[in-house]
Amino acid sequence: MGHTLRIVAAFVGLLGLQAGSMDFAAAQKWSAAKVVSYRVEGVHGGREAVVFGDYEGKAEVIDRITVEFTWDVKKRSIIGPVTVKDGKTELRDLKSDGTNCPPPQLNGEYEHFQSVSHSMSSRDQIQVKGVRTYPPARVSNYPASCSMRSIPGGKEEAFLWVAGMGPEALDMPSLGKMPGSPISFAADGKSFSVKGAGNWVWTYRPTIVQ
Numbered sequence: 003m004g005h006t007l008r009i010v011a012a013f014v015g016l017l018g019l020q021a022g023s024m025d026f027a028a029a030q031k032w033s034a035a036k037v038v039s040y041r042v043e044g045v046h047g048g049r050e051a052v053v054f055g056d057y058e059g060k061a062e063v064i065d066r067i068t069v070e071f072t073w074d075v076k077k078r079s080i081i082g083p084v085t086v087k088d089g090k091t092e093l094r095d096l097k098s099d100g101t102n103c104p105p106p107q108l109n110g111e112y113e114h115f116q117s118v119s120h121s122m123s124s125r126d127q128i129q130v131k132g133v134r135t136y137p138p139a140r141v142s143n144y145p146a147s148c149s150m151r152s153i154p155g156g157k158e159e160a161f162l163w164v165a166g167m168g169p170e171a172l173d174m175p176s177l178g179k180m181p182g183s184p185i186s187f188a189a190d191g192k193s194f195s196v197k198g199a200g201n202w203v204w205t206y207r208p209t210i211v212q
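Using our numbering, read the sequence shown as starting at 3 and increasing by one per residue.
27 angstroms max Cα-Cα, derived DSS-like pairs, lysine-lysine:
hint	residue 1	residue 2
1	K157	K97
2	K192	K87
3	K197	K157
4	K157	K90
5	K192	K31
6	K192	K77
7	K179	K192
Derived by calculation from the structure, the hints in this document are not laboratory data.
With the hints as extra help, turn the sequences into a complete structure.
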C-alpha cells in the first residue's frame, strides 16, 4: 500500500526520458530548479463502512489532508520540516447497503483519518500515522429483521504515505492522456494529480524555492 505513489514516481521518471509531446517551456523552468516546495493535497472519495464492526452501514466518504514539504531536486529527497493539516470528514448517502432496512443512525461524528504523527519512512517518502474513529450507532438486525439495535463505537489505526516526486512531471502533460495513466494534469499546468491506494487522490503543486 505504501509503495503506490513511489511506483507512480518511477513511472513518471521513466516516461519523462521520452521527448515526445514535451512542454519545452516547462522543461526549461523545472530543469533549472534546485529546491522545490510542495503543497500536496490528498482527497479521499469512496464508499466506506462508517460503523464499527461487521454491520451494514456505509456512506460516501469525503476526507482531506494537506502535506507540505521541501524537495531537493538533485538528491531526489525530502529535506527540512514536514507539516500535516487534517480536514474534516464529510458523509453522503448513508445507507444499510445490500438490505431493505433503514440507514444506520450515527450518534457522533465519523472521522475517516485524523493524523497523530508523521515520520520519514525513507528519504523520499513520508508516513503519516493516524486514527479512524467510528461513533456509537444504531444499526439494523439484518438479516433477521430491520429492527434497530445500539452498537458501540471504536477506533482503528490507519496509515497514509506521501512520496516525493520531481517537478519534471509537469514537462510531460501528454502522460495524462495515455490509457490507464495513473497521473493527470491541471489545465493551468501548475499541478498534477496521482491516484493512490484506498480511494485517495494526491494533487502535487510545486513552487520553486531556488
